[in-house]
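Listed below are the residues making up each chain.
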Amino acid sequence: MSEITINIDGKDVQTKEGEYLLNAARANDIFIPAICYLTRCSPTLACRICLVEANGKQVYACNAKAKEGMQVVTSTESIEKERRIIMEVYDVNHPLQCGVCDQSGECELQNYTLEMGVDSQHYSIKDVDRSSHDWGHLHYDPGLCIVCERCVTACKDMIGDNSLKTIPRGSDPINADYKENMPKDAYAMWNKLNKSVIGLTNGTDVLDCTSCGECAAVCPVGALVDTQFMYKANAWELKQVPATCGHCSAGCQITYDLKHTSIDNPEDKIYRVMNEWNYVSLCGAGRYGFDYQNAGVTKDETAFANAIEAFKKADTIAFTSTITNEEAYLLQKMKEKFGYRLVNNEAKAFQDFLNNYAQISGHKLYKGDLEKVHTTNFIVSVGSALKTDNPNARYALNNSLTVKKGAGIYFHPVKDPIIEGIGKSIMTVAHAPLQEEVALYLLLDLFGDKSKLPSDIVAYLASFHSQKTVTVEEVVKEKVVELVKETKVNEETGIEEEIEVEKTKMVSKKVSKEVEVDENRLLEILGLDDTFMQALEKNLKKKETFALMVGPDLYMHPNAKNLARLVALLEKYSAFEVTMIPTLTNSLGVALICDLDDEKGSYTVSYNTEGDFVLSGLGDGDLDMPAINQQEGTLTSVNKRVNPTNAAIGYGGYELNDIAKALGFEAENIIDYTVKLPVAAGFKTEEFDNLPNHYENDGTEVRGYVLENVAVTPSGDESVDRFSEDKLEGCIIYLANPVRQFTEFTYKTTNLDEVSGIYMSEEYLSKTDYNEGDTVTVKTKKGELTAKVVCDNKIAGDIVVLPTFDKKLNSEALFDGYRFSTASIQKG
Amino acid sequence: MKMEQFNDRNVADNGYFLVDIEDYPTDGWGKFKRVVKRTFRAELFVGLWVVLREMIKFDIHTVQYPEEKLPIGPRYRAVHEMKRLWESDAERCIGCGLCEKICISDCIRMDTKIDENSRKEVTEYTINLGRCIFCGYCAEVCPELAITHGGEYEQASEQREHFVDYAYMLTPLDKMKAGTQMEFEGFGAITPHEDERVKKTPLAY
Numbered sequence: 001m002s003e004i005t006i007n008i009d010g011k012d013v014q015t016k017e018g019e020y021l022l023n024a025a026r027a028n029d030i031f032i033p034a035i036c037y038l039t040r041c042s043p044t045l046a047c048r049i050c051l052v053e054a055n056g057k058q059v060y061a062c063n064a065k066a067k068e069g070m071q072v073v074t075s076t077e078s079i080e081k082e083r084r085i086i087m088e089v090y091d092v093n094h095p096l097q098c099g100v101c102d103q104s105g106e107c108e109l110q111n112y113t114l115e116m117g118v119d120s121q122h123y124s125i126k127d128v129d130r131s132s133h134d135w136g137h138l139h140y141d142p143g144l145c146i147v148c149e150r151c152v153t154a155c156k157d158m159i160g161d162n163s164l165k166t167i168p169r170g171s172d173p174i175n176a177d178y179k180e181n182m183p184k185d186a187y188a189m190w191n192k193l194n195k196s197v198i199g200l201t202n203g204t205d206v207l208d209c210t211s212c213g214e215c216a217a218v219c220p221v222g223a224l225v226d227t228q229f230m231y232k233a234n235a236w237e238l239k240q241v242p243a244t245c246g247h248c249s250a251g252c253q254i255t256y257d258l259k260h261t262s263i264d265n266p267e268d269k270i271y272r273v274m275n276e277w278n279y280v281s282l283c284g285a286g287r288y289g290f291d292y293q294n295a296g297v298t299k300d301e302t303a304f305a306n307a308i309e310a311f312k313k314a315d316t317i318a319f320t321s322t323i324t325n326e327e328a329y330l331l332q333k334m335k336e337k338f339g340y341r342l343v344n345n346e347a348k349a350f351q352d353f354l355n356n357y358a359q360i361s362g363h364k365l366y367k368g369d370l371e372k373v374h375t376t377n378f379i380v381s382v383g384s385a386l387k388t389d390n391p392n393a394r395y396a397l398n399n400s401l402t403v404k405k406g407a408g409i410y411f412h413p414v415k416d417p418i419i420e421g422i423g424k425s426i427m428t429v430a431h432a433p434l435q436e437e438v439a440l441y442l443l444l445d446l447f448g449d450k451s452k453l454p455s456d457i458v459a460y461l462a463s464f465h466s467q468k469t470v471t472v473e474e475v476v477k478e479k480v481v482e483l484v485k486e487t488k489v490n491e492e493t494g495i496e497e498e499i500e501v502e503k504t505k506m507v508s509k510k511v512s513k514e515v516e517v518d519e520n521r522l523l524e525i526l527g528l529d530d531t532f533m534q535a536l537e538k539n540l541k542k543k544e545t546f547a548l549m550v551g552p553d554l555y556m557h558p559n560a561k562n563l564a565r566l567v568a569l570l571e572k573y574s575a576f577e578v579t580m581i582p583t584l585t586n587s588l589g590v591a592l593i594c595d596l597d598d599e600k601g602s603y604t605v606s607y608n609t610e611g612d613f614v615l616s617g618l619g620d621g622d623l624d625m626p627a628i629n630q631q632e633g634t635l636t637s638v639n640k641r642v643n644p645t646n647a648a649i650g651y652g653g654y655e656l657n658d659i660a661k662a663l664g665f666e667a668e669n670i671i672d673y674t675v676k677l678p679v680a681a682g683f684k685t686e687e688f689d690n691l692p693n694h695y696e697n698d699g700t701e702v703r704g705y706v707l708e709n710v711a712v713t714p715s716g717d718e719s720v721d722r723f724s725e726d727k728l729e730g731c732i733i734y735l736a737n738p739v740r741q742f743t744e745f746t747y748k749t750t751n752l753d754e755v756s757g758i759y760m761s762e763e764y765l766s767k768t769d770y771n772e773g774d775t776v777t778v779k780t781k782k783g784e785l786t787a788k789v790v791c792d793n794k795i796a797g798d799i800v801v802l803p804t805f806d807k808k809l810n811s812e813a814l815f816d817g818y819r820f821s822t823a824s825i826q827k828g
Numbered sequence: 001m002k003m004e005q006f007n008d009r010n011v012a013d014n015g016y017f018l019v020d021i022e023d024y025p026t027d028g029w030g031k032f033k034r035v036v037k038r039t040f041r042a043e044l045f046v047g048l049w050v051v052l053r054e055m056i057k058f059d060i061h062t063v064q065y066p067e068e069k070l071p072i073g074p075r076y077r078a079v080h081e082m083k084r085l086w087e088s089d090a091e092r093c094i095g096c097g098l099c100e101k102i103c104i105s106d107c108i109r110m111d112t113k114i115d116e117n118s119r120k121e122v123t124e125y126t127i128n129l130g131r132c133i134f135c136g137y138c139a140e141v142c143p144e145l146a147i148t149h150g151g152e153y154e155q156a157s158e159q160r161e162h163f164v165d166y167a168y169m170l171t172p173l174d175k176m177k178a179g180t181q182m183e184f185e186g187f188g189a190i191t192p193h194e195d196e197r198v199k200k201t202p203l204a205y
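Going down the list, the sequences are from chains A and B. Numbering follows our numbering, in which position 167 of the first sequence is assigned residue number 167; successive positions increment by one, without gaps. Numbering follows our numbering, in which position 117 of the second sequence is assigned residue number 117; successive positions increment by one, without gaps.
In short, the hints are calculated from the structure, not lab data. For clarity, every value in this text was computed on a predicted model and none was experimentally measured. Accuracy of the hints is not assured; some may be wrong.
[Claimed, not checked] Among the chain A residues that face chain B by a calculated CB cut under 8 Å, a handful are:
#1 S120
#2 I125
#3 E237
[Stated by the list, open to error] Here are the computed lysine-lysine pairs in the PhoX-like style, where the Cα-Cα straight-line distance is at most 20 Å:
#4 K424(A) <-> K269(A)
#5 K239(A) <-> K2(B)
#6 K269(A) <-> K101(B)
#7 K200(B) <-> K259(A)
#8 K101(B) <-> K259(A)
#9 K101(B) <-> K239(A)
#10 K232(A) <-> K101(B)
#11 K259(A) <-> K113(B)
#12 K200(B) <-> K126(A)
#13 K200(B) <-> K269(A)
#14 K232(A) <-> K200(B)
#15 K538(A) <-> K404(A)
Backbone N, C-alpha and C fix where the C-beta goes; we use that ideal spot for every residue, glycine too.
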């Protein structure tokens, strides 16, 4: 796409060839009204008020593409008339209940009705019964709905659940007189509007989706609202605090919307979480899991004194990656000063993986990020349960596949109906656990540049190929001439006669052919057949950009080192840009800042995890700490971005910096450390207060800063081990959370009501004699646990999933590092 | 979005400053000196003289409050009232929050929730009369003619904060049954000939 200049309302505007006029205008602060268009999604053409005149012709700005030298006028007399009548039609039968509507004050129908100066109504139609629906966590009121289909578009093009669709409204046809008197577009809009309302694709009245709530966020009116927010606060009362979501490594930009709790309690409370939905999409945990603050904490001086004692006594600090960069830096400084061991297994595995990757790639960090994945058209994911490890990675995959005509391969042992539901262009490979190595070798084989790859790897890959003769049945079309008898009226005599007519016909014929084909044993090892290659060939057509997402399964893999090197080779010798999904919120930050150790010492102070003296943001430890929504600081996201977050809710207790101060560190606030974050690891010397946190009109992310991808001297050794033939078989358990849960913090929130237990797919339950609610015991070499069976229809296949968000379950104890394990399951 | 507000971490200093006032005497000698000073400056007699002078004239125009009270005009803006619907005796307030928003002395607060019939319900509503300046904006903005001003102006209290709540302001049901609820005629009320000024919306029924 080349840079071009177009002219909008007399202003020369730089844009890319093929960019939608609406986006070009918005990027240059030119206002074109539009309701149904969502940036990053495909144009819906429902509202039609984005009408503009391009080169003298009326077009819709949301789907007309920019061409060099285009002359665009955003407003003419006829366009103004269309727009006004469109808004008038939207107001037909719209209930005048702005007083109680939750959208009032931020309603696009209110705004555009005023903008277009609608002060009288000329149209009418008999209304139909449009009573409201309670869809679970969402409330839909078709009476308020203007059927812009933004919810449907977001669900399909961004989230990938495809849970919403338009259903018939059952209304009378529009009065025929209007057709003649109304402007064309206004009539067409009304005609469409009058035929539909929004319904659920599953045909029931209960939502069964990944419950992200994005549809309610994008709704321009009050038709779709979050049930938990309904009638609690008005838009104008809420104070926005820009922040970064602290639940996973995506680091989405959010705002916490605050108001006083009640008349009796003036303390701020978070009422909802909002996002810039044109540029970032949240998951259910980000949107509804906001009240995880450590509330009601006061300064407990004895506990604090005990904490100082514990720090003096301790030789180890254990922690999880749900901390800010500044806290991680402080822990590292404590290590340097007092010689503590820093233990964080999950971040350590990621750190080792990055270091091993750097040995071959020559730079500390991976090249890609999720923003790039959005615009890539061939995406491969290996070793990550995408929808739960990082929902944004799944959105990026879905967005590319549905909007950018992309395709992809999803390698994962746990079958995922959500990923499969994206469409035909996603190929899912449910290989056996431990075969991630084979998957990477297969990618090297399929996409690696054999002329540049080290020769021993090329030879190794070639050893899996053999030629084989197969008989292929082909369908050939042949021309056949037939004589057909027809009765025809003789024009001269007027009598019916039978005549023979020659007719040519195309007939398909099956022909057997012997063909030499290449057989790839790697496919066989992964349990794939020839159809995979045929599908891949089809899916690879017209693909120019390639992205590879790798996840936590690889970092904790017994052969993680080899996997890291394979990933580096793939990035170096193929078109793939790699994105590594960090395990937890700030695993990347911790991996870059802290010098981590493997083994705990004799006395451990722990932060949000288990130890001899526990500091806890959950409120269940020996000394309370603030949760992420009560802290200032920065978080490093999967996009290699250092994002600032602000404190939304007050906190009355001690924080890590208070302990540091008592131990002789001098910084007044924890954010004084932002500027000191290690430059050698790619951080910048930026003061926290100078870090911005917003999006520009053209979608540019102006948040914090992007990490420098520091160059590392490669070792020069590019050898990799051959893959081991090991694979796990039999009854397998996997360590992953259900949708909307990440950690104990999400479990603590009131709106996320996922039940903890042992997750089994519907398929598995029907095959075995377990039922939902049964108490079962899972036993592995490392230990055992007993819990109730929960039926999870967001997974398929035979692998049983154990969550990490419930500390009481302590399911990590069953695993030996790697996220999969064989196990035996018994009732009772 | 401007981030300055979040960067100000100085919570102690809110622009308050100490006023330079001479301290009250604490010891006996100081108090005695104050009494003497006040007594012999004869300020008291100035006031007493005025009273005496007026008393001798026997020409009193003042209303004998509290025995005697002047009638209050219908548009007078005293303590707020919450009206009920004539048809159903139900509360008129829909909880839209416009009064809360428009209040220039920020003295109105309400809590709302969704009730069992999926309607918005006002659970608590207070006006801090200590802050209220009785400007009448709340009554004017109310789309339902629910909050109005009444004639009750006697609101002396011991504290500066002085709240009235929803139950206090709401027209009592017995008054409603008796049909004695008064409509407010001030700003925000329906004016005569309102029907003629409204643009009619076509209806397809």
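Problem - Restraint status (C-alpha distance of K239(A) to K2(B) at most 20 Å) - result: holds, 13 Å
Handout entry: Given hint I125(A) near chain B, where the shortest CB pair must fall under 8 Å
Key = For I125(A), the interface hint holds, since the closest Cβ of chain B sits about 5 Å away, which is under 8 Å.
Practice task
Would you mind confirming whether the straight-line C-alpha gap from K424(A) to K269(A) stays at or under 20 Å?
Solution key: This hinted pair is violated, its Cα atoms lying about 44 Å apart.
Problem - Agreement of K101(B) and K259(A) with the hint, judged by alpha carbon distance not exceeding 20 Å - result: Judged against 20 Å, a Cα distance of about 13 Å means the pair holds.
Problem - Hint consistency between K269(A) and K101(B) [alpha-carbon to alpha-carbon, up to 20 Å] - result: holds, 19 Å
Practice task
Answer holds if the nearest beta-carbon of chain B is closer than 8 Å to that of E237(A); otherwise answer violated.
Solution key: holds, 7 Å
Practice task
With a cut-off of 20 Å on the C-alpha distance, tell me whether K538(A) and K404(A) pass.
Solution key: holds, 16 Å
Problem - Restraint status (C-alpha distance of K232(A) to K200(B) at most 20 Å) - result: This hinted pair is violated, its Cα atoms lying about 34 Å apart.
Problem - Restraint check for K200(B) with K269(A), where alpha carbons must lie at most 20 Å apart - result: violated, 44 Å
Handout entry: Satisfaction of hint between K259(A) and K200(B), Cα-Cα up to 20 Å
Key = With a Cα-Cα distance of about 39 Å, the restraint between K200(B) and K259(A) is violated, given a limit of 20 Å.
Problem - Pair hint outcome, K101(B) versus K239(A) [Cα-Cα no greater than 20 Å] - result: holds, 13 Å
Practice task
Verify the proposed pairing of K200(B) with K126(A), using a straight-line Cα cut of 20 Å.
Solution key: Cα-Cα ~16 Å, so holds.
When each numbered hint is compared with the structure, violations occur for hints 4, 7, 13 and 14.
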